[in-house]
Amino acid sequence: MTDHGTLTEGPLVRADARLDRRRRFGSLFDAARSGRTGVHLPTLDVPPADPAALYGDAHRTEVAGEIEANEVDVVRHFTRLSQMNFAIDTALYSLGSCTMKHNPRINEEIARLAGFNDTHPYAPVHLSQGNLELMWRLEQALKALTGFARVTLQPSAGANGELTGALMIRAAHVKAGNPRKNVLVPDSAHGTNPATAHFAGYDVVELASNAHGTLDLAELASKLNEDVAALMITVPNTLGVFEERILDIAKMVHDKGAYLYLDGANFNAFVGKVRPADMGVDVMHMNLHKTFSTPHGGGGPGAGPVGVAPALVPFLPVPTIENDRGIFRFDVDRPDTIGKMRTFYGNFGVLVRALTYIVSYGNRIHEVAENAVLNANYIRKKLEPFYHLKYTAPSYHEVVFDDKKQAALGLHNIDVAKRLMDFGFHPPTMSFPLIVPGALMIEPTESEPREELDAFIDAMIAIAKECETAPEIVHGAPHTTPVRRLDEAGAAREASRPGSFAPVLRAPVR
Amino acid sequence: MTDHGTLTEGPLVRADARLDRRRRFGSLFDAARSGRTGVHLPTLDVPPADPAALYGDAHRTEVAGEIEANEVDVVRHFTRLSQMNFAIDTALYSLGSCTMKHNPRINEEIARLAGFNDTHPYAPVHLSQGNLELMWRLEQALKALTGFARVTLQPSAGANGELTGALMIRAAHVKAGNPRKNVLVPDSAHGTNPATAHFAGYDVVELASNAHGTLDLAELASKLNEDVAALMITVPNTLGVFEERILDIAKMVHDKGAYLYLDGANFNAFVGKVRPADMGVDVMHMNLHKTFSTPHGGGGPGAGPVGVAPALVPFLPVPTIENDRGIFRFDVDRPDTIGKMRTFYGNFGVLVRALTYIVSYGNRIHEVAENAVLNANYIRKKLEPFYHLKYTAPSYHEVVFDDKKQAALGLHNIDVAKRLMDFGFHPPTMSFPLIVPGALMIEPTESEPREELDAFIDAMIAIAKECETAPEIVHGAPHTTPVRRLDEAGAAREASRPGSFAPVLRAPVR
Amino acid sequence: MRYIPNSPDERAALLAAVGASSVDDLFATVPRAVYHREAPPLPPPASEIEVRRDFGALAARDASLSEWTSFLGGGLYSHHSPAFVSQLLLRGEFLTAYTPYQPEVSQGTLTAVYEFQTHIALLTGQDIANASMYEGASAFVEAVLMAERLTKKKTKVVVSQGIHPEYLLCLRTYLANFPFTIVEIPLGEDGATDAAALAAAVDDATFAVALQSPNAFGVVESWDGLAAAAHAKNALAIGVVNEMFSLAVLQPPGARGVDIACGEAASFGVPPSFGGPLVGFLACRDAFKRQIPGRLVGKTVDADGSPAFCLTLSTREQHIRREKATSNICTNQGLFALAATMTLSALGKQGLRETAMQCLAKTEYLKAGVKSLTGPFSLAFSGKTFNEFALRCGPGVEAVLARAEEKKILAGVPFARLDPLGAGHRDLLLVAVTERVPRAGLDGLLDVLRSF
Amino acid sequence: MRYIPNSPDERAALLAAVGASSVDDLFATVPRAVYHREAPPLPPPASEIEVRRDFGALAARDASLSEWTSFLGGGLYSHHSPAFVSQLLLRGEFLTAYTPYQPEVSQGTLTAVYEFQTHIALLTGQDIANASMYEGASAFVEAVLMAERLTKKKTKVVVSQGIHPEYLLCLRTYLANFPFTIVEIPLGEDGATDAAALAAAVDDATFAVALQSPNAFGVVESWDGLAAAAHAKNALAIGVVNEMFSLAVLQPPGARGVDIACGEAASFGVPPSFGGPLVGFLACRDAFKRQIPGRLVGKTVDADGSPAFCLTLSTREQHIRREKATSNICTNQGLFALAATMTLSALGKQGLRETAMQCLAKTEYLKAGVKSLTGPFSLAFSGKTFNEFALRCGPGVEAVLARAEEKKILAGVPFARLDPLGAGHRDLLLVAVTERVPRAGLDGLLDVLRSF
Ligand SMILES: Cc1ncc(COP(=O)(O)O)c(C=O)c1O
Ligand SMILES: Cc1ncc(COP(=O)(O)O)c(C=O)c1O
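Chains as they are written, first to last, in the numbering used here: chain G, 4 to 513; chain X, 4 to 513; chain H, 9 to 460; chain F, 9 to 460.
Hints are supplied without guarantee of correctness; some may be wrong.
Calculated lysine-lysine pairs in the DSS-like style (CA-CA distance at most 30 Å, straight line) [unchecked claim]:
no.	chain 1	residue 1	chain 2	residue 2
1	X	K385	X	K407
2	G	K226	H	K332
3	H	K332	G	K393
4	H	K332	G	K178
5	X	K178	F	K332
6	F	K160	X	K184
7	F	K332	X	K226
8	G	K254	G	K184
9	F	K162	X	K184
10	X	K178	F	K162
11	G	K178	H	K161
12	F	K416	F	K379
13	F	K241	F	K160
14	F	K375	F	K415
15	H	K164	G	K184
16	F	K161	F	K241
17	H	K164	G	K178
18	X	K184	F	K164
19	H	K162	G	K178
20	F	K332	X	K259
21	F	K332	X	K184
22	H	K332	G	K184
23	G	K384	G	K408
24	X	K184	F	K161
25	X	K178	F	K161
26	G	K384	G	K407
27	F	K392	F	K241
28	F	K415	H	K415
29	G	K184	H	K162
30	G	K468	G	K408
31	F	K415	H	K416
32	G	K184	H	K160
33	F	K164	X	K178
34	F	K416	H	K415
35	X	K393	F	K332
Calculated directly from the structure, the hints in this document are not laboratory data.
Please work from the sequences and hints to get the whole structure.
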């Protein structure tokens, strides 16, 4: 770490934002262009159709309000837009729970091979054998890493995987004669867990965490009964703490005939080191866009494969992929299936990337977990003198500080986060876990090198000092981003006003 | 154009540069990393070799000082580096004479097809027919656009094309019995012209331009004699002015048995509208990276095909590409050839992009020239009230202002250029033409949309005003770039000091 | 290791800094019974050279649409994707960012999402659209659930059998645990939903009525009829679209009274990629915005008063509302919503129209060719179509596919592929045509049919 | 139009603004006799769909190295290019910028060039290197011309016949009009330059002596011998390298007294692209820096005192020095110098060594296999090699190529391809091996040879 005297530089003279080509040029819908287009087709080589005659009054003559722009306009627009984003490729992206690890470039190359990228899901199966084999291989690899009987690759993201799992659990209970009523969810859980339980038709019963931030076994015992369909937990939990008593928990759950659901969002903490099935987990989703390095793409796509214990295999969504001595086929003939979670077979392109990643690490993939945990602990060690840590149990892949020290100076987690942007880093997660008010949830991942960790630590320490020496700078941050701090509350107020949709939620038709 | 009251914004509070991850992180050689690598090979599948035994004392055990970095480090480093560049994809790049037009993305896609990109120049000719046909087609297209008898695609860039042309001229004179002594070059010429003439073994005789900035025919007549091998001109010249008397000039040159060489750097002003061979030009290079949209790549590569009149065909470099009824072959059996300008056949990947561009425009390519000229004239019209124009003859693809007005206020072309950066634009060319002191040579190209031209014009006008109202801001510019104004003179002084090579011209070995 | 920059020495230094003597120390709270010290049961790491070789060989076993003449559709249509799209998607600032929770460093993503919302709203004729759904089928399910929340205490949803069978299967899957009835309405002779049956099925218990147009057999349906049937009983009308280019020549659902539009927007430059990732959408009236699932981007100002974008109305979402959220969706289809936005920006008004007109003209050409055949083929339905139609194959669907395959033609999608658990329409081949197919390709398919 | 954003209406507005009544007005000073109002004689514009189809068909007619087992070399070696390289090269900020004349907005390019200069200097063992030359042959010519300027009034250059024949042909082409003599020294039995002949040829008139190592036949030459021969007569020693990986296992020219190193650096991740664009380099001693051709980047400070890079020593260059410049080069190979820099950064110390060791081991394996053959093949020379060797083919080179082709193997480069105007070595096939070829590929080639 570096010790710097001055933390800020002198003033800069920017050109008026409206005249600065690099900033605030708005949406492509703003500019008054006309008569332009950016796509040119071959000259029509068949007789033209007459849609007005064909469709009568159902004919539409134009999409009013649409853009009229040329390739030049469009390439520039999106290049400029991209330059206003922080990303993993630019610096450490500390957003906890999201596992913002490096996205290897070979994955992108492989996923773009025409034989994967430009293939149709309804092409004949004998002309899709490469695709089927790839999915089959990925299932085998995930089985090896989790210990489950089977894995469905169909769910579109983690939350969709949760729902798949919950629906299978419910189908199993229904088949056993009683769907049951409740799903237990700890108060530290991610929001998708209770939301999922609800969409699977269950009531959510919240479990209060104990003083270590982990499951309170007495609390669990008190809420566990024959009405409980499942317990949904996260390991390590959202505090980055491992459920030490996971084996006891599994036993308690199973003793009541309930299933143990594991939210695998934090699989990065133990991939290759612990097989969840060994811990008594019955069903678990994996976020391929977290543990297995597929890009987050500014919000998605992801993929949320779900592994299941033997008891739940009959309920898997269709189709499954079967290997008949090297000939791969889809199996839809599964009478107890829950059905389908989406069209086709899953986010295939994401699956390609994930398998590429897995084979690239092969039998050394456990080093991912080891280094993710090591890096998080290094940050914890260095920042503990400067930021308050509510739960002090050992950290795994992430560490959750809070703003208790800074709040005493009138500054909050959001101020620290915004100021961090002036240092070129993406802020930590603040919206959860709800049991840590003012949370700063930091997950560096294994792909951060030591000097980047140090640079991040330096910045966090510098900010902690600024909170004491120059609180107004922290409070007014960020200062150097394309836009300054936003009025998000105002946005929500305005957005919820009836009739405000344009230009608040979309560009108006000019 | 927009009228803005305030041209500058208030101060910003940047984080100390050493703590700001977005700026000034230096070269990859700076960081102390060890034991890392970013390339992983298959496990060696043959017995290892023993280089020490094989080579004895010629064996080298390591490349001391080399980087030790991982893919993560490298991807981030180059992503961050790129973010410190201005480029066409970010905004109008006014660098005159360089034809910084949009680089179409389909060109990049086509050039990356494995059947082009991953092919070897010494692969059997029957397994390279696609490549040969492509080169043959490009030659035909360039012949159609120039009117020349043949075009060689071999030269690596414009200057290399110039040399190819000059060597052919000399070979023709030699064959005719007298190599001759001089090449005439106007004082407005680009530096490569005299340099090329020198490297072809000629003495350079400079021609003073007339008051319109064009060739002075009396001056030309006075210097033209039987010692003159060629006249090298540029049309439109580097002022963007067309040589109105080009036909007379050609006749005068030919009457003395000399050749007329055209520097085709400015072909964008008349492609598809005028065929240079029709003007009496004997030899001309084209810069595919200018007129034909291949990317400039931060300095290159380019390609400099040379078209020649029938008299010079025997002297073309080998191989030429011949089409025997659909079977394409290399021809090396050309006794009068000057030889070769480089290995293999030229910058093939650049040729692919250029042909892609040409077929994309097809018989509408003259619109390129029309709009390039229109855009330049629009800028001229709007900026004439604010910047001095030494030569007022009609402008073609570019307009050359100068800093006469600003110099009166103590500011120079460089100050205007640097301040333009704060507005997000790349500055004009300033290093030439030498006949315009304080030059600001602006070439917008046809691919700039109206609103971008206006934004550039607004910025230039704003700066002209700032020169009056806030000269210190202009003088201290740029203020918002990753680094501030550089000490280039100091750099040159330091670089020329004996023994200063590291760290001035390269990183030292740590 | 591959993407772990720190070398063994550097790791050792970090370990020392945290005061651990070995990596195992860091995992001390994992029950020993399940903690693995040995390497996982996978092969050794594969290098890029091996990955290229191995995956290249897999990819070579699939039929790439760029090498075949393809008439495959069935809910996923292969349109031209401009060259710049896939290249700009590789920009790390887009590719490796996540959900734009922090607007000051995410204006790029946010602006693009705002544009996506605008494109979808304009195309569907709705007031607003969200930032994307996973894909068409789950978007449809979310639309149905949203309609239920908006209508209070109703229990029935009426759906056309012209909706993509996989969408209907998803609906049954997701709704299995809710006390709702799903009523399916068959198609008429012309291939469009039986209007009378539809109207008759809607009652006071009905919260939503849903149609797809063009439907799963390619036939254009009536939004007017849908809206009338739904609104007669205070139900909401849901319009499903999965060939978005149709909206450049056909009136959009929003303009014809449909309350919620949803479906698949992959036609806009999203690579088919064996069926995913695609990009679902959901658009609706302004009045419903508090019940919309997924992310929404809104326009606001920053501390300087400059315009800027941020995520908004997030109190609908799971991270705040938990079990009361409008959906459990979190990660969505960001990058491919961006791909669609880029493609739509380039297409623009002209390109949308021109592409749709070409699809239509080529389809009509092919249909006319089919009609002129004397052999064992016929158009299965008389209804109007856009760029896909159902071909009744006398010789059987598989025989046609096989003969076409010899000519490097993918003749179409057997309807049975869409509905493998169903039983009907086994003799129907869905034939879809886009601007990517030149006339020679159309004639090639006709030649194949003529050969029977 | 394609990449002309302004629509006809917008153009009309601009025309009006400049006060022209038509486009023709703008071209009024073009002599009417040569001014074309009609469209140029080219086909109509081709769309992206057509371009993909048409160029795709051309590309399909070429042998792509990713689909063949390739032993092609002869001055251009196909090594592994890390996946990230071609993707990052697509970033517009690199791709669409030009020469970094304005350092404040070009630190990205400038830093990368500084790194390129460093890599080349380290590899060659020289003090400095320039920002790139076009390719190997012209770099070699420029090195010779530079040596001439540095030695004053001398007239002779002595070159080994082991230098790539195309480099020698370029030398003759460029030097045709200078009063210099080129003396060529033949190779000895072992395939290395005849040391005695070399020493004998150097005299007081000699300004430069040049060798290539490994030479055009793959044989490793002696830098020591070169330097000794040159320095004995105050000439400069020029070392040519076109397989840069050799410098990870062989002493670099700079460490063995060679004054100027030059050649081709395309081995570092630059796609072969049918021979161009590649990336030439030129490196030398600090003392020669005022005579180096091409661009140079130097480190300095900005107005705040922060470190920063800029082009420097540009008074050597044509834009300032005109006919007195050290070269006429302007546009260089920027993007591919960047590709090489990226690749070298990833390779680093370990990757360079590991790659070179694999090339060497695989070549030795193949050579051992050849030696064990009983058929009509032999190693043409006894000299040590790195990753390429000359195979004497009893059955004729073409017969070997043809039989290998049946197995999808490109067996090597006939020496005649390097020297089409020459006459010697018609029975030699140059066989090059890189880390891209697995053992099965090596055995495949041996099987082909064994079949004769
Ligand atoms: C702990 C946890 N669970 C579940 C999810 C939901 O996963 P997804 O976003 O892939 O739907 C997340 C994602 O952010 C998470 O952090
Ligand atoms: C007028 C003129 N001539 C010649 C050249 C040299 O061309 P190149 O840089 O391609 O070698 C240039 C390039 O900048 C130029 O502007």
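Evaluation of the provided hints:
A distance of roughly 17 Å separates the Cα atoms of K385 of chain X and K407 of chain X; the hinted pair therefore holds under the 30 Å criterion. Pair hint K226 of chain G plus K332 of chain H holds up; C-alpha atoms about 21 Å apart against a cutoff of 30 Å. About 28 Å separates the Cα atoms of K332 of chain H and K393 of chain G, which keeps this hinted pair within 30 Å; it holds. The hinted pair formed by K332 of chain H and K178 of chain G meets the criterion: a straight-line CA distance of about 28 Å does not exceed 30 Å.
Restraint check for K178 of chain X and K332 of chain F: the C-alpha separation of about 28 Å stays at or below 30 Å, so the hint holds. Note on K160 of chain F and K184 of chain X: the hinted pairing holds, with a Cα-Cα distance of about 22 Å set against a maximum of 30 Å. This hinted pair checks out: K332 of chain F and K226 of chain X have alpha carbons roughly 21 Å apart, not beyond 30 Å. Between the alpha carbons of K254 of chain G and K184 of chain G the distance comes to roughly 20 Å, so the proposed pair stays at or under 30 Å and holds.
As the CA atoms of K162 of chain F and K184 of chain X are separated by approximately 22 Å, the hinted pair is consistent with the 30 Å bound. Among the hinted pairs, K178 of chain X with K162 of chain F is consistent with the structure: their alpha-carbon atoms are about 27 Å apart, no more than 30 Å. A C-alpha spacing of about 28 Å is found between K178 of chain G and K161 of chain H, which places the hinted pair at or below 30 Å, so the restraint holds. Taken as a hint, the K416 of chain F and K379 of chain F pair is honoured in the structure, with Cα atoms around 23 Å apart against an allowance of 30 Å.
Between K241 of chain F and K160 of chain F the CA atoms are separated by roughly 13 Å; this keeps the pair inside 30 Å, and the hint holds. Restraint check for K375 of chain F and K415 of chain F: the C-alpha separation of about 20 Å stays at or below 30 Å, so the hint holds. Simply put, K164 of chain H and K184 of chain G have alpha-carbon atoms about 23 Å apart, close enough for the 30 Å limit, and the pair holds. Distance restraint check for K161 of chain F and K241 of chain F: the Cα-Cα separation of roughly 14 Å lies within the 30 Å cut-off, and the hinted pair is therefore satisfied.
Of the pairs offered as hints, the one joining K164 of chain H and K178 of chain G holds, with about 25 Å between alpha carbons and a cut-off of 30 Å not exceeded. Distance check on the hinted pair: K184 of chain X and K164 of chain F sit about 23 Å apart at the alpha-carbon level, within 30 Å; holds. Proposed proximity of K162 of chain H and K178 of chain G is supported: the alpha carbons are some 27 Å apart, at most 30 Å. For the given pair, K332 of chain F sits about 27 Å from K259 of chain X by alpha-carbon distance, which is consistent with the 30 Å threshold.
For the given pair, K332 of chain F sits about 17 Å from K184 of chain X by alpha-carbon distance, which is consistent with the 30 Å threshold. Distance check on the hinted pair: K332 of chain H and K184 of chain G sit about 17 Å apart at the alpha-carbon level, within 30 Å; holds. In summary, the hint linking K384 of chain G to K408 of chain G is supported, as the alpha carbons are separated by about 17 Å, within the 30 Å threshold. Under the criterion of a C-alpha separation no larger than 30 Å, the hint pairing K184 of chain X with K161 of chain F is consistent with the structure, at around 20 Å.
The straight-line distance between the Cα atoms of K178 of chain X and K161 of chain F is roughly 28 Å, inside the 30 Å bound, and the hint therefore holds. At most 30 Å may separate the alpha-carbon atoms for a hinted pair to count; K384 of chain G and K407 of chain G meet this at roughly 18 Å. With a C-alpha separation of about 28 Å, the suggested pairing of K392 of chain F with K241 of chain F holds against the 30 Å cut-off. A distance of roughly 27 Å separates the Cα atoms of K415 of chain F and K415 of chain H; the hinted pair therefore holds under the 30 Å criterion.
Among the hinted pairs, K184 of chain G with K162 of chain H is consistent with the structure: their alpha-carbon atoms are about 22 Å apart, no more than 30 Å. For the suggested pair K468 of chain G and K408 of chain G, the alpha carbons sit about 11 Å apart, so the restraint of at most 30 Å is met. Annotation: proposed proximity of K415 of chain F to K416 of chain H holds, straight-line Cα distance about 25 Å (limit 30 Å). Using a Cα cut-off of 30 Å, the hinted pair K184 of chain G and K160 of chain H holds, with the two alpha carbons roughly 22 Å apart.
Restraint check for K164 of chain F and K178 of chain X: the C-alpha separation of about 25 Å stays at or below 30 Å, so the hint holds. Our distance criterion of 30 Å between C-alpha atoms is met by K416 of chain F and K415 of chain H, whose separation comes to about 25 Å. Distance restraint check for K393 of chain X and K332 of chain F: the Cα-Cα separation of roughly 28 Å lies within the 30 Å cut-off, and the hinted pair is therefore satisfied.
Hint check: no violations occur; every hint is consistent with the structure.
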